[in-house]
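Asks: Spelled out from the first residue to the last, the chains are:
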Amino acid sequence: MDEKYAPHIEELTKALANVDRSKVEDEFNLLINYRVPISEAKRTILKKFRSLDSVTTDVKDLSIGDKGVSLETRILNISEKAVDLKGERTIIFSGVLADRSGLCPFTSWKQLALNAGDAVRISNASVKNWHNRAEVSISAYSEVILLDDSSLPDISELSVTPVKKLIDVGPSDLFLSSVAAIIDLYHRNVEVKGEDLTIIEGILADETGRLPFVSWSPLDGMDIGSMIRFKDASVRMYRGVPSIHLDSSTPVESVGADEDLSFDPLAVNKPPEPLPISNVLKAEGMFDVAVEGNIVSVRPGSGLITRCPVCNRVIIKNVCRSHGAVDGLQDMRVKLILDDGTGSVLVMLNRELSEIVYGKSLHESFSLLGKTMSMNAIFEDMKRVLTGRYLGVRGNTSRIEFGVTFVTKAAWVPESDIEERVPLLLKRLDGVE
Amino acid sequence: MVDREISYRMFAKELNDSSSTIHSTVDEAITSDGHTPNYLLTPGGVMVNRVFVTGVLTEVENVGSDVGTWRARVVDPSGAFTVYAGQYQSDAAIFLSSVEPPEYVSIVGKVRSYKPDDGPVVISLRPEEINIADEDARNRWILDTAELTLDRLDAFSKILLACGNIDSMDECMEGLGIAPVLSEGIGMAIRHYGVDESYLNDIRSVVKKCIISLDLLSEASDEKDIDTLVLELMNELDMGKGVDYAELLSVAVSRQLNERTVDSAVRSLLAKGQCYEPKAGILKLIS
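Read top to bottom, the protein sequences are chains A and B. Once you know that position 78 of the first sequence is 78 in this note's numbering, the rest is easy, because the numbers rise by one and skip nothing. Once you know that position 225 of the second sequence is 1225 in this note's numbering, the rest is easy, because the numbers rise by one and skip nothing.
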């Protein structure tokens, strides 16, 4: 080891208190052998090891894409499976782990000598996407150590299905028990593995929120307006929104009118109250919420567009990426950013809503194009009509690469309630000169 | 993923009272894939990069040697935002070159600060979006801004009350249930500006003034009548170049109106943005 590197090693070891000095040294020498400049080498090492330093995360706070996370959890179940990995037979381990905050599936790519019920500390794991929810991925770089058994609640306590209000259901709930009202219900025919099935879809609501549900078995005697109690329903995630899955193994019973309920089944079917956008941003996805704000930007891609008649993709000059030259269908849409001073969401409006919000129909817009036939003219006009305006929207949100997107089911211009707000504000300012 | 910067709502007074900027460090630049926004720290504790304003555009002027640079003033009841649009805000520059002040406008703008060698920091906005608005939108903006400002001031007071001791402030703030980005800004505002309860109350009274400027509009009292009378009178006397204030007063007095009530009506009309002063002593209606 060259003496002149010693101060750098010293510095790195100090910065990475939990990492062994020899590890840092090895890594550093390796990089120096590749003639990486010292400053770069230090940066690389800091980045690589800093994650090992990280504090413990709660299972419910895991989000897809996290790297270098540390967890203190109990293994609820674990099984091994042989898979083909690049032509090689490899054993992987998968199962479910849990702490007080929730449950999460995991997969380990390295050998684990663990049993159901073990309490472990996992460090430097990453979080991958598995069926639209977080999954802890344990790789060769991760460390798994057994913890003192008393440091976590008992397995029987952790594996109890939680009873929750709908608003509290999140990606860390694999199973759920609750009481809710059915506010929408319809039958749908689907084909599963070549077999025709009739399934029930609908919406459940309680006083805190509403969520979609699917039932794979008939719900006898239940319809819109029924109150149901269900146990151990599985929760699946789609675009950050949980949906509740009932099947023949899920106990579902209807709740009598004489039972004490925390809410009025008739009152839950009201339209949702507008939320501050900052609240919507906290969730990966939300089902049937409303927000109000100002249109701070109308995004490119708004206006008149042409879609492929086969795949519905937006196409340019009647050429589709997958279907070649096609006879495109005219459509109109608005993509805008709505901001209420607490946060912003990207709002998508389909043709019907675009026509209402923009105030011109698809056909009227065409007449605006004139001889130039420049689609840009409509985009410019939309910007002029919409930028700065107030807009209220209701629909579902989901977090994507570029922020939170709002898929809109209804849109309106919020009431101007100046007369009611002024006295409330003055009351807040009581006593101010 | 980097979240889009919030378009904050704040009165011109709070923005223009700011002088401290926060630049991203190199470390942050590395961890956020080179996204390095700069922030202005307001005395109210907001780290602001973007604002949304609806106010009255009162002046537009072509400045500098560049042909395409425009400076504008957008007024709210607490003061004025200075807006610059140049070659990199070409849509806004085109808008400003053709708009006739006074006009209600909405602006989404990036906050810029400039510190001349001598003299105080100059705060301005670079518009990303600018559009015509209307009186209703302006009034609602004032209410939105008042609500959001009061929410922030309440959080600020809470922190001052609970964590007056500066040494342990950061840990103390964690338990108060205030959004981390706000409590961080408030902590910095206390350190940079020495903000105390008396400044917060100054801002509260600005907010109150702003709301009261609206309340007059909807109040069906004598005051409204005199406002309307003065408006009608100005409309009658204006031959296209505005109304001379002295002339307005003398005509009003000749019609048995009290000089002082007319004077206060004119001031309330100015505050509400229903008329403006293109030159000292000349009044013009907002058409």
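Incorrect hints may appear among the rest.
Mimicking DSS-like on lysine-lysine, the simulated pairs with C-alpha atoms at most 25 Å apart in a straight line are [stated by the list, open to error]: (1) LYS14/A with LYS42/A; (2) LYS128/A with LYS86/A; (3) LYS1158/B with LYS282/A; (4) LYS335/A with LYS1110/B; (5) LYS1158/B with LYS427/A; (6) LYS427/A with LYS1279/B; (7) LYS1158/B with LYS1209/B; (8) LYS427/A with LYS335/A; (9) LYS1209/B with LYS1115/B; (10) LYS14/A with LYS86/A; (11) LYS282/A with LYS409/A; (12) LYS48/A with LYS164/A; (13) LYS1272/B with LYS427/A; (14) LYS427/A with LYS1209/B; (15) LYS67/A with LYS128/A; (16) LYS60/A with LYS335/A; (17) LYS14/A with LYS60/A; (18) LYS110/A with LYS23/A.
Derived DEER-like restraints, expressed as beta-carbon distance ranges [unchecked claim]: (19) PRO423/A with SER1264/B: 20 to 30 Å; (20) SER1264/B with LYS164/A: 23 to 33 Å; (21) TYR1245/B with SER374/A: 47 to 57 Å; (22) ASP58/A with ASP1118/B: 49 to 59 Å; (23) LEU261/A with ASP1091/B: 34 to 44 Å.
Rather than coming from a laboratory, the hints here were simulated on the basis of the structure. C-beta atoms are modelled at their ideal positions from N, C-alpha and C, and glycine is treated no differently.
Asks: Next, verify each hint and record whether it holds.
Replies: Consistency of the hints with the structure:
1. LYS14/A with LYS42/A: holds, 12 Å
2. LYS128/A with LYS86/A: Holds - the C-alpha atoms of LYS86/A and LYS128/A are around 20 Å apart, at most 25 Å.
3. LYS1158/B with LYS282/A: Cα-Cα ~23 Å, so holds.
4. LYS335/A with LYS1110/B: Distance ~21 Å between LYS335/A and LYS1110/B Cα, so the pair holds.
5. LYS1158/B with LYS427/A: holds, 19 Å
6. LYS427/A with LYS1279/B: violated, 38 Å
7. LYS1158/B with LYS1209/B: At roughly 23 Å apart (the allowed maximum being 25 Å), LYS1209/B and LYS1158/B satisfy the hint.
8. LYS427/A with LYS335/A: With Cα atoms ~38 Å apart, LYS427/A and LYS335/A exceed 25 Å; violated.
9. LYS1209/B with LYS1115/B: violated, 30 Å
10. LYS14/A with LYS86/A: Distance ~40 Å between LYS14/A and LYS86/A Cα, so the pair is violated.
11. LYS282/A with LYS409/A: holds, 21 Å
12. LYS48/A with LYS164/A: At roughly 39 Å apart (the allowed maximum being 25 Å), LYS164/A and LYS48/A break the hint.
13. LYS1272/B with LYS427/A: Status holds; Cα separation ~21 Å.
14. LYS427/A with LYS1209/B: holds, 13 Å
15. LYS67/A with LYS128/A: Given pair LYS67/A, LYS128/A holds - Cα atoms ~9 Å apart, limit 25 Å.
16. LYS60/A with LYS335/A: Given that 25 Å is the threshold and the Cα spacing comes to 32 Å, the pair is violated.
17. LYS14/A with LYS60/A: Violated. LYS14/A to LYS60/A sits at ~32 Å, over the 25 Å cutoff.
18. LYS110/A with LYS23/A: holds, 20 Å
19. PRO423/A with SER1264/B: 20 to 30 Å: 23 Å Cβ-Cβ, so the 20 to 30 Å window holds.
20. SER1264/B with LYS164/A: 23 to 33 Å: For LYS164/A against SER1264/B, whose Cβ atoms are near 59 Å apart, the range 23 to 33 Å is violated.
21. TYR1245/B with SER374/A: 47 to 57 Å: With Cβ atoms ~49 Å apart, the hint holds.
22. ASP58/A with ASP1118/B: 49 to 59 Å: holds, 53 Å
23. LEU261/A with ASP1091/B: 34 to 44 Å: violated, 55 Å
Checked against the numbered hints given earlier, this structure breaks hints 6, 8, 9, 10, 12, 16, 17, 20 and 23; the rest are met.
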